[in-house]
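Here the protein sequences come in this chain order: A and B.
One point on numbering: in this note's numbering, the residue at position 224 of the first sequence is 224, and numbering is uninterrupted.
One point on numbering: in this note's numbering, the residue at position 213 of the second sequence is 213, and numbering is uninterrupted.
If you're looking for bench data, these hints aren't it; they were derived computationally from the structure.
The structure presented is a predicted model; accordingly, all values stated were derived computationally and were not measured.
Glycine is no exception: its CB is placed at the ideal position from the N, C-alpha and C atoms.
Heads up, a few of these hints could be off.
As the list claims (entries may be wrong) - List time: in silico EDC-like cross-link candidates among lysine to aspartate or glutamate, alpha-carbon distance up to 16 Å:
id, chain 1, residue 1, chain 2, residue 2
1, A, K171, A, E158
2, A, K305, B, D99
3, B, K93, A, E296
4, B, K49, B, D76
5, B, K93, A, E242
6, B, K93, A, D151
7, A, K224, A, D212
8, A, K187, A, E242
9, A, K118, A, E158
10, B, K93, A, E146
11, B, K219, B, E197
12, B, K185, B, E120
13, A, K276, A, E221
14, B, K49, A, D199
15, A, K119, A, E158
16, B, K79, A, E294
17, A, K305, B, E156
18, B, K93, A, D199
19, B, K31, B, E156
20, A, K187, A, D212
21, B, K19, B, E3
22, A, K104, A, E146
23, A, K173, A, D134
24, A, K292, B, D76
25, A, K56, A, E46
26, A, K171, A, D151
27, A, K171, A, D134
28, A, K118, A, E146
29, A, K56, A, D82
30, B, K79, B, E197
Said to hold, decoys possible - Quick look at which bits of chain A chain B covers, simulated, 3 or more residues with Cβ under 8 Å:
id, segment
31, 190-197
32, 284-295
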Amino acid sequence: MDEIQKTLLEQVADLHEVPAGAYNIRSNGTLAGRNTTANIDIVTKEDLPGIDIMIKPGTKNESVHIPVLLSQSGIKETVYNDFYIGEDCDVTIVAGCGIHNGGKEGSEHSGIHRFFVKKNARVRYVEKHYGQGDGTGERIMNPTTEITLEDGAHMELEMVQIKGIDSTHRKTKASLSQGASMVVREKLMTHGTQYARSDFEVELNGSGSTADVVSRSVAKEHSKQEFHANIVGNEACSGHTECDAIIMDNASVTALPALTANHVDAALIHEAAIGKIAGEQLIKLMTLGLTKEEAEEQIISGFLK
Amino acid sequence: MLELRNVSYEVEGEQGGSKEILSHITYVFDKRFTAITGPNGGGKSTLAKLIAGIITPTEGTILFNGSDITNMSITDRAKAGISYAFQQPVRFKGITVKDLITLAAGRKLTTAEACVYLSEVGLCARDYISREVNASLSGGECKRIEIAMIMARQTELSVFDEPEAGIDLWSFQNLIQVFERMYEKINGNIIIISHQERILNIADEIVVIAGGQVTQSGKRAEILPGLLNTPNAATNCQALDQVLEPKETCRGRQPERSMADNG
Chain A
1 MDEIQKTLLE
11 QVADLHEVPA
21 GAYNIRSNGT
31 LAGRNTTANI
41 DIVTKEDLPG
51 IDIMIKPGTK
61 NESVHIPVLL
71 SQSGIKETVY
81 NDFYIGEDCD
91 VTIVAGCGIH
101 NGGKEGSEHS
111 GIHRFFVKKN
121 ARVRYVEKHY
131 GQGDGTGERI
141 MNPTTEITLE
151 DGAHMELEMV
161 QIKGIDSTHR
171 KTKASLSQGA
181 SMVVREKLMT
191 HGTQYARSDF
201 EVELNGSGST
211 ADVVSRSVAK
221 EHSKQEFHAN
231 IVGNEACSGH
241 TECDAIIMDN
251 ASVTALPALT
261 ANHVDAALIH
271 EAAIGKIAGE
281 QLIKLMTLGL
291 TKEEAEEQII
301 SGFLK
Chain B
1 MLELRNVSYE
11 VEGEQGGSKE
21 ILSHITYVFD
31 KRFTAITGPN
41 GGGKSTLAKL
51 IAGIITPTEG
61 TILFNGSDIT
71 NMSITDRAKA
81 GISYAFQQPV
91 RFKGITVKDL
101 ITLAAGRKLT
111 TAEACVYLSE
121 VGLCARDYIS
131 REVNASLSGG
141 ECKRIEIAMI
151 MARQTELSVF
161 DEPEAGIDLW
171 SFQNLIQVFE
181 RMYEKINGNI
191 IIISHQERIL
201 NIADEIVVIA
211 GGQVTQSGKR
221 AEILPGLLNT
231 PNAATNCQAL
241 DQVLEPKETC
251 RGRQPERSMA
261 DNG
């Protein structure tokens, strides 16, 4: 692995070297390393590019890292990864994508991830997007995540994209059975002329199922962001969606949270707020000796922490 | 040492023209602990904001240690050694108590060091150090954190705008002790805007601001007894009774109106 790839790996997976436990590293369209464990198996798909990750029932406190690194300009790929998480598991899955584009041609990675989470399993899923390189080629990522949570299953998704990606359209769909729960924390920062759109479609199909979808974002310079979320309550359930955005410079932010209740006991809430940094927050930090720019930086990094 | 020379602050009036909030204030704050008091709307908070640099005077000069800081930015004043505790503390999403105290101290603090400041203001450090300074904190908690930040700054001048506002009666006792200790710990001068007798009671000097002007100032012993004897609204009401006809009296009017309302 060269230095550029190591930097990408560190950014998207907080890894300095190959991780402990199960992993699959995809670099410039090919397999760069894989490790399986007694409980976690990773198999290359035969019909499509991508992998199947199978986690045995009852697996606890194990993790899977599946980072994707693109350091050659001009690579365009769509990868299909399926995760099968057995009953009563408690696992962490880290799937990041880092693009270094030093060339003129666009680099594009679209990861189609499907999660089949069995009864009472718990999954923490972290997905980080990172782009760098001073080439003029665009860095594009279009991830799709489809989630099926069986009875009592729980999934937490942490989706982070801080700068570096020129265009992204994230689609997340989830279907929850009885007593299942899902928590989404999206953190997004765009700058330059970047475009980022997130779509969330969550179906609460089982009684007692809950979903909490929260997006915090900062739009700087001339960037554009769109947030679309629809929580559908088909049973006695509870759902909450929130979009909280800081807008700066000449950016544009659209927030369209939506709710659909098809059951009288579906309790659904949405919130959306877009605004610039509050003047009094800047003043407070300036009275501590920070310049206006330093104060902005602190407020934004806290907001996206 | 802070000195105000002929400082005025005007804003645009409601029907055009200008409204004077502070009028030609000249004062030297050279005591360790000065309390500013006076009626609401008298211009006290405006004065604090002028000192911190949040607003600039429309007339006059502000000197800090002999240098003219009238047009200095908020940041530069903070760096020069002026701290300002807001009357309404600001909340931040995602920024923790430790982050703010570290920023205030201007250097990396260990958790143990940051905790010392929290304990000083009567907060159990372990419970608060990693909490976000967001809407989940009560007004009183925010006020204490605000004070802890000023203590962490250790500047030559610390200005507090009504630190007791929003603090419950039970915590208030505690707060007085905080200020008593601060007197010993902060080497610089303290200016506190306050209406509380017990805070005025620990000041070296008291300045009364009313109608945008300094109406009284001097040592605590000279000013405080006079303030405590100020007639209150009830006394005024009784005085009014004596000059008005019985049916129009201040005390008599209230029951008459409520009877009319009932019937």
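Against the structure, the hints:
1. K171/A to E158/A: Holds, at about 14 Å.
2. K305/A to D99/B: OK: K305/A and D99/B at ~12 Å, within 16 Å.
3. K93/B to E296/A: Holds - the C-alpha atoms of E296/A and K93/B are around 13 Å apart, at most 16 Å.
4. K49/B to D76/B: It holds: about 14 Å lies between the C-alpha atoms, which stays within 16 Å.
5. K93/B to E242/A: holds (14 Å)
6. K93/B to D151/A: This hinted pair is violated, its Cα atoms lying about 34 Å apart.
7. K224/A to D212/A: violated (24 Å)
8. K187/A to E242/A: It holds: about 12 Å lies between the C-alpha atoms, which stays within 16 Å.
9. K118/A to E158/A: violated (20 Å)
10. K93/B to E146/A: Answer violated: K93/B to E146/A is near 30 Å, above 16 Å.
11. K219/B to E197/B: holds (15 Å)
12. K185/B to E120/B: holds (10 Å)
13. K276/A to E221/A: OK: K276/A and E221/A at ~13 Å, within 16 Å.
14. K49/B to D199/A: violated (45 Å)
15. K119/A to E158/A: Violated: K119/A and E158/A sit about 21 Å apart, past 16 Å.
16. K79/B to E294/A: Holds. K79/B to E294/A sits at ~14 Å (cutoff 16 Å).
17. K305/A to E156/B: violated (33 Å)
18. K93/B to D199/A: violated (24 Å)
19. K31/B to E156/B: holds (12 Å)
20. K187/A to D212/A: holds (14 Å)
21. K19/B to E3/B: Not OK: K19/B and E3/B at ~24 Å, beyond 16 Å, violated.
22. K104/A to E146/A: Violated - the C-alpha atoms of E146/A and K104/A are around 33 Å apart, more than 16 Å.
23. K173/A to D134/A: violated (34 Å)
24. K292/A to D76/B: holds (11 Å)
25. K56/A to E46/A: violated (21 Å)
26. K171/A to D151/A: violated (23 Å)
27. K171/A to D134/A: violated (28 Å)
28. K118/A to E146/A: holds (14 Å)
29. K56/A to D82/A: Given that 16 Å is the threshold and the Cα spacing comes to 14 Å, the pair holds.
30. K79/B to E197/B: Given that 16 Å is the threshold and the Cα spacing comes to 32 Å, the pair is violated.
31. 190-197: Violated: only 0 residues of the segment 190-197 of chain A have a Cβ under 8 Å from chain B.
32. 284-295: holds (count 9)
Hints 6, 7, 9, 10, 14, 15, 17, 18, 21, 22, 23, 25, 26, 27, 30, 31 from the list above are not met by this structure, while the remaining hints are.
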